[in-house]
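With chain A's structure known, arrange chain B on it following the hints.
Residue numbers (this note's numbering), protein chains in the order written: chain A, 8 to 439; chain B, 8 to 439.
Mixed in with the good hints there might be a few duds.
Since copy identity is lost for identical chains, a pair holds within one copy or between any two.
[Stated by the list, open to error] Below, computed lysine to any residue pairings styled on SDA-like, alpha-carbon distance capped at 25 Å: (1) Lys12 with Gly83; (2) Lys419 with Cys47; (3) Lys207 with Ser413; (4) Lys207 with Lys316; (5) Lys351 with Glu106; (6) Lys351 with Arg32; (7) Lys419 with Ala318; (8) Lys65 with Ala318; (9) Lys38 with Phe24; (10) Lys41 with Asp346; (11) Lys433 with Tyr282; (12) Lys103 with Gln126; (13) Lys387 with Asp49; (14) Lys370 with Ser435; (15) Lys38 with Leu313; (16) Lys252 with Arg84.
Just so you know, these hints were derived from the structure itself, not from any lab.
These figures come from a predicted structure and were not determined experimentally.
There are 2 protein chains.
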Amino acid sequence: METPKLSVTPYKGTRDFYPRDMKLRNWFFGKIRKTLEDSCFDEYDGPMLESLDLYAAKSGEELAKEQTYNFTDRGGRNLAIRPEMTPTVARMVAGKMGELNYPLKWFCISNMYRYERPQRGRLREFWQLNVDIFGCDTYEADLDVIQSAIDVLLAYGADESMFQVHINNRRFFNDAIAAIANTDAEGSKRVSKVVDRKNKITREAYEAAMTELGLSAEQIARIDALYEMDVREATALCPDSTGAKELTALFDALEATGLAKYCVFDFGIIRGLDYYTGTVFEVFDLSPENNRAMFGGGRYDNLVGLFVKNAKISGVGYGMGDVTLENFLVTHNLVPDLDNEGIKILVTRFDDVPYEKYTALVKSLRDAGLTASLYLGQKKFGKQIDYAVRDHYSHVVIMGGDELASGTVKVKNLATREENSVELDKLSAFFA
Amino acid sequence: METPKLSVTPYKGTRDFYPRDMKLRNWFFGKIRKTLEDSCFDEYDGPMLESLDLYAAKSGEELAKEQTYNFTDRGGRNLAIRPEMTPTVARMVAGKMGELNYPLKWFCISNMYRYERPQRGRLREFWQLNVDIFGCDTYEADLDVIQSAIDVLLAYGADESMFQVHINNRRFFNDAIAAIANTDAEGSKRVSKVVDRKNKITREAYEAAMTELGLSAEQIARIDALYEMDVREATALCPDSTGAKELTALFDALEATGLAKYCVFDFGIIRGLDYYTGTVFEVFDLSPENNRAMFGGGRYDNLVGLFVKNAKISGVGYGMGDVTLENFLVTHNLVPDLDNEGIKILVTRFDDVPYEKYTALVKSLRDAGLTASLYLGQKKFGKQIDYAVRDHYSHVVIMGGDELASGTVKVKNLATREENSVELDKLSAFFA
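Looking at chain A on its own, in the form it has when it is part of the complex (with noise of 0.2 Å):
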């Protein structure tokens, strides 16, 4: 009976990372490494899979059993796949909350899968950055998350002509709204509410849910105006509150670091509702073809609580995912050839040369810290000349028994078509 054969086809949004695009991920993730290393963040990781009740007890377990993929093992624990981060570091935080140094600057690459319809920018396994800073409640932390995702943008090569922060505070949302509203704390939450889904709902329904609250036109009007306000007008609207103190010493500092030109108010950043609690952001992608919102983030109270009674650490952080980060990166043309990249040298063969000289040749190339292979199988010259240009090695060296004899090889540069003839005890210095 003839076995029918297996699909080569990956899972449906999911992706193989063949050599090219692998090359291209650990380009992408090394940049994030480097940048967030050299500012003293910390990588961690967690397991793929977790509890179901992490994410149940975060988004509810109607939500949270849609967007996982979920299961039951066979000793009846409920499991997910991560479909994000955030719980899972709130874990490890809680499990040793005692033993911790804080504040704590950390960061993870790691991949994570939704159970959504794949469709451009989403994908069912995808990759995210997440940066988070626990233990520290005020404006230097949130700066100091804003600043780390502005300077992986700029390790990239990108400038302020391609991407712009947006900057809100949730204390002063509520604040403002509150100020202009004049209702008790319940009706201006109930306005708030309906703020958020200005955006979501036409402009009459909008109107006619703040007039059904109470709102006169003119209070309307009054919101209105706050989208057009850079941060010192929209703060001087209620000076007194909380979150007006902190947007201003937050935008004071973004000044002070040179960070302001990367920056912008937006009255408009809100985010989930009920998770975030002072500064939130959003980074935007400037290019005509793709204004929008790539990722954002901002400051969270004591999600450790869900896993320690009356614990109470307060986190700010953003979560960025590498298709949404890929897709920035292409559009501004700031990928690099990543093929053709530094020196990679592929020792050709020849029948009449005794094996061990080959291996002797390339030891001495990668004892010199050279990167270098000798060619596999026994092809004839032709083929292994294609092969190191289809497998974009720089340099092949030539070594047939003439050139044994003569104690020389030949060098040729595969992209300038350039050869030469170096002696074999000079080899590694030629190629320094």
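Just chain B, lined up with the frame of chain A:
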């Protein structure tokens, strides 16, 4: 109602990687990556989720279901979290079979899941280095793969007193058994199966089974003798066997490349009886307290044939788990003190100095390529120093009002306790 608190423990058989653990993991993987890239291996990766069929086709459906985390998605697809990399890489090679440039020298360092009882050296989530060469049928590829395993261990500082590569050849194994048993192909296959179980059953049971298959005491003794022979003696038993010729070519090449001192012929290395077809090897830890096979691999034929009709691309490779590797390195004291490597500077902070003086100072250090961070928040000086010590900073830079006025800073080396007064504009040079 009080929310029940969630567990802080990671799922059974998985690990949290706190920054210290992650630093170790990055060091492990960095060594591997550098070693393999220096010899022109290319990194790849595939998705965590694959069709369950992939594993069922290789190991049978029952075993595949038992050993993997598997479930059905909402589209009715049977999925498994990958328990190994080989089916994925075979699928990837099959998917671009006509476009790829052979021989392929590929590796990956990926996490995978196996559903088994966690025990020493075995976890449910682990990382595995997979190295494979596809499309070269001769000893050169076997040598290159074995050399890569040796090179990785040497890169960690291991030497020939710590590990040894045991090598056999499955074709030679069959031919030697056939030559001694002197039966037809079917008969010698039955004998091979018994020999494969030699170390798993009692001597009495072994001899009884061999006798039942018609072998004399003298034939049994001749097979026993193979376990004591070196490669020359063993291959002399059936010099015309393809397997014997492959073994001889491989050992000649190991000799010629100076790798013989790490390697030994071992007739007892068989590995999966139905899977491997040529060279097989296992790498042993030589430490008395941990003397056992750490990992192994060999030549297998035509996994690509599971996907593409009439395709035939042979491969040779191995998989090395991170837990085994870590045990080996710890046993042999090969893990360096990663906490205290290089310069990492904390700039401490006082109230009487404007914030932007500090951020400018940190920026100047980072622009000079140094790893530096400003203390976040406004704790007392002593707390800031404690933080630096616990977080393994090498230096603190101290700039209070007096220092600022005089244009100098104090630099304290936390290891030596040495303190220097340095002019502000010479600070980067001080660390150079």
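Structure-based check of each hint:
1. When the C-alpha separation of Lys12 and Gly83 is checked against a cutoff of 25 Å, the pair qualifies only between copies, where the shortest distance is 19 Å, while the shortest distance within a copy is 34 Å.
2. Taking the shortest Cα distances, Lys419 and Cys47 sit within 25 Å of each other only across copies (18 Å), while inside one copy they are farther apart (44 Å).
3. In this assembly of identical chains, the alpha carbons of Lys207 and Ser413 never lie at most 25 Å apart, being 78 Å within a copy and 57 Å across copies at closest.
4. Taking the shortest Cα distances, Lys207 and Lys316 never come within 25 Å of each other, neither inside one copy (37 Å) nor across copies (53 Å).
5. Taking the closest pair of Cα atoms, Lys351 and Glu106 come within 25 Å of each other only across two copies (21 Å); inside a single copy the shortest separation is 47 Å, beyond that limit.
6. Taking CA atoms no more than 25 Å apart as the test, Lys351 paired with Arg32 passes inside one copy only; the shortest distance there is 20 Å, against 27 Å between copies.
7. Taking the shortest Cα distances, Lys419 and Ala318 never come within 25 Å of each other, neither inside one copy (66 Å) nor across copies (35 Å).
8. Proximity of Lys65 to Ala318 under the C-alpha cut-off of 25 Å is restricted to the intra-copy arrangement: shortest distance 16 Å within a copy versus 49 Å between copies.
9. For the identical chains of this complex, Lys38 and Phe24 are neighbours both inside a copy (18 Å) and across copies (21 Å), given an alpha-carbon limit of 25 Å.
10. Both within a single protomer and between protomers do Lys41 and Asp346 lie at most 25 Å apart by alpha-carbon distance, with minima of 21 Å and 17 Å respectively.
11. Taking CA atoms no more than 25 Å apart as the test, Lys433 paired with Tyr282 passes in neither setting, with 64 Å inside one copy and 46 Å between copies.
12. Taking the shortest Cα distances, Lys103 and Gln126 sit within 25 Å of each other only across copies (24 Å), while inside one copy they are farther apart (39 Å).
13. Taking the closest pair of Cα atoms, Lys387 and Asp49 come within 25 Å of each other only across two copies (23 Å); inside a single copy the shortest separation is 50 Å, beyond that limit.
14. Taking the closest pair of Cα atoms, Lys370 and Ser435 come within 25 Å of each other only inside a single copy of the chain (11 Å); across copies the shortest separation is 39 Å, beyond that limit.
15. Taking the shortest Cα distances, Lys38 and Leu313 never come within 25 Å of each other, neither inside one copy (34 Å) nor across copies (38 Å).
16. In this homomeric assembly, Lys252 and Arg84 never come within 25 Å of each other (Cα to Cα): the closest approach is 46 Å inside a single copy and 53 Å across copies.
The structure fails to meet hints 3, 4, 7, 11, 15, 16 from the earlier list, while all remaining hints are met.
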